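Visitor: Same order as they appear, the protein sequences are chains A and B.
First residue of the first sequence: 1, per UniProt numbering; consecutive thereafter.
First residue of the second sequence: 1, per UniProt numbering; consecutive thereafter.
Because the hints were derived from the structure by calculation, they are not lab data.
Certain hints may be false.
The list treats identical chains as interchangeable, and a pair is accepted whether it falls inside one copy or across any two copies.
Computed list of lysine-lysine pairs in BS3-like fashion (alpha-carbon distance at most 30 Å, straight line) [unchecked claim]:
{"#": "1", "residue 1": "Lys116", "residue 2": "Lys30"}
{"#": "2", "residue 1": "Lys131", "residue 2": "Lys116"}
{"#": "3", "residue 1": "Lys186", "residue 2": "Lys131"}
{"#": "4", "residue 1": "Lys30", "residue 2": "Lys111"}
{"#": "5", "residue 1": "Lys131", "residue 2": "Lys196"}
{"#": "6", "residue 1": "Lys186", "residue 2": "Lys58"}
{"#": "7", "residue 1": "Lys186", "residue 2": "Lys28"}
From a predicted model like this one, the values you see are computed outputs, not experimental measurements.
Protein chains: 2
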Amino acid sequence: MLKRGLLIVISGPSGAGKGTICRELIQKTKDICLSISCTTRQPRFGEQHGVNYYFVSKRDFEEMITNNQLLEYAKVYDNYYGTPIGYVEEKLNTGKDVVLEIDIQGALQIKKKYPKGVLIFVVPPTLSLLKQRLSDRGTDSEESINNRLNCVCQEMTNTTRYDYLVVNDKLGNAVSQVEAIIMAEKCRPSRFDIKKFLES
Amino acid sequence: MLKRGLLIVISGPSGAGKGTICRELIQKTKDICLSISCTTRQPRFGEQHGVNYYFVSKRDFEEMITNNQLLEYAKVYDNYYGTPIGYVEEKLNTGKDVVLEIDIQGALQIKKKYPKGVLIFVVPPTLSLLKQRLSDRGTDSEESINNRLNCVCQEMTNTTRYDYLVVNDKLGNAVSQVEAIIMAEKCRPSRFDIKKFLES
């Protein structure tokens, strides 16, 4: 019997290294795939439809909301962002694990719909290192960085609603921890077919 | 800050390979130790006090019960078997993980006292393989083996009360799964010091 894949939701502050962890995971394990979000914002230079995002019209997006075709969605400024159910369900049903990189609000929406979804919060080892990483990027002003750090501090109170918290101290360790979480979650008794075992 | 170790409880039918898994774990990882039970039964040939069991008098055992010094205990025929709290607490407080190999009743007693204890149930890949293993041992009559198998079938209904279920198909895989469970459980948000992080 083919077992359904796991839905793994990864959140964490910008600069914590979520994206790098996800890429490593997908490269290492052929049975994990990354969910692609859809958005109504314009593609940026180099972004491809079906690779970085599904770029859809506002009208199409709102139709997906109405038809309950989104696992979660949010409106940021004037643009919608969301996770289409179709792709996720298709992969889970073929036994693939699906990783979603998503913010806290989206993660908690997903946990309501998919209680078996596994929520992982990634944090940097220290706040000062996070500040350093954001400064090194050179894309944010000091004010914007301080705002981000304040948000991180507020967000941390929500981490208790996550199933796991991974400290991204060394990338290799963080990836091993996420892999261990996935392996452990596959050992949940609810995934074991007792009836089949008793007939074996 | 030194983090408290994990209490890991391993149960499963005789012949599932619990003991081998525990020995492998302890050999591979210096931060895991095996809890030693105490019993009122007589030592068998070669058994050493403080290695295989703590051999104690019935009076001493009953005093331990009265003084709440046992994590769990059971009376099997005319002998008591139990897990002394002292050793377990001492190891957990020095950050060591403690593994207990114990039956379902004991495991469920422990979960009540230590809700953070991690219960793992080990099963063989099939019932017929279990029967084969028990026959190969040559220590049980066919009737006794059939009785054991009936007990296993009844016990399986309790596995849903365990946190994890590991199928011991190949020893290496089963040990990796238990190691993954331990690594994952150490990523629980309740073990993360948010206050310290916010000051970092």
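Visitor: None of the hints should be skipped; say for each whether it holds.
Guide: Structure-based check of all given hints:
Proximity of lysine 116 and lysine 30 under a CA criterion of 30 Å is satisfied intra-copy only: 21 Å inside one chain copy versus 33 Å between copies. Taking the closest pair of Cα atoms, lysine 131 and lysine 116 never come within 30 Å of each other, the shortest separation being 34 Å inside a single copy and 34 Å across copies. In this homomeric assembly, lysine 186 and lysine 131 come within 30 Å of each other (Cα to Cα) only across copies, at 26 Å, whereas the closest approach inside a single copy is 36 Å. In this homomeric assembly, lysine 30 and lysine 111 come within 30 Å of each other (Cα to Cα) only inside a single copy, at 25 Å, whereas the closest approach across copies is 37 Å.
Only between protomers do lysine 131 and lysine 196 lie at most 30 Å apart by alpha-carbon distance; the minimum there is 16 Å, versus 53 Å within a single protomer. Taking the shortest Cα distances, lysine 186 and lysine 58 never come within 30 Å of each other, neither inside one copy (38 Å) nor across copies (43 Å). In the homo-oligomer, the alpha carbons of lysine 186 and lysine 28 lie at most 30 Å apart both inside one protomer (18 Å) and across protomers (23 Å), since each shortest distance falls under that limit.
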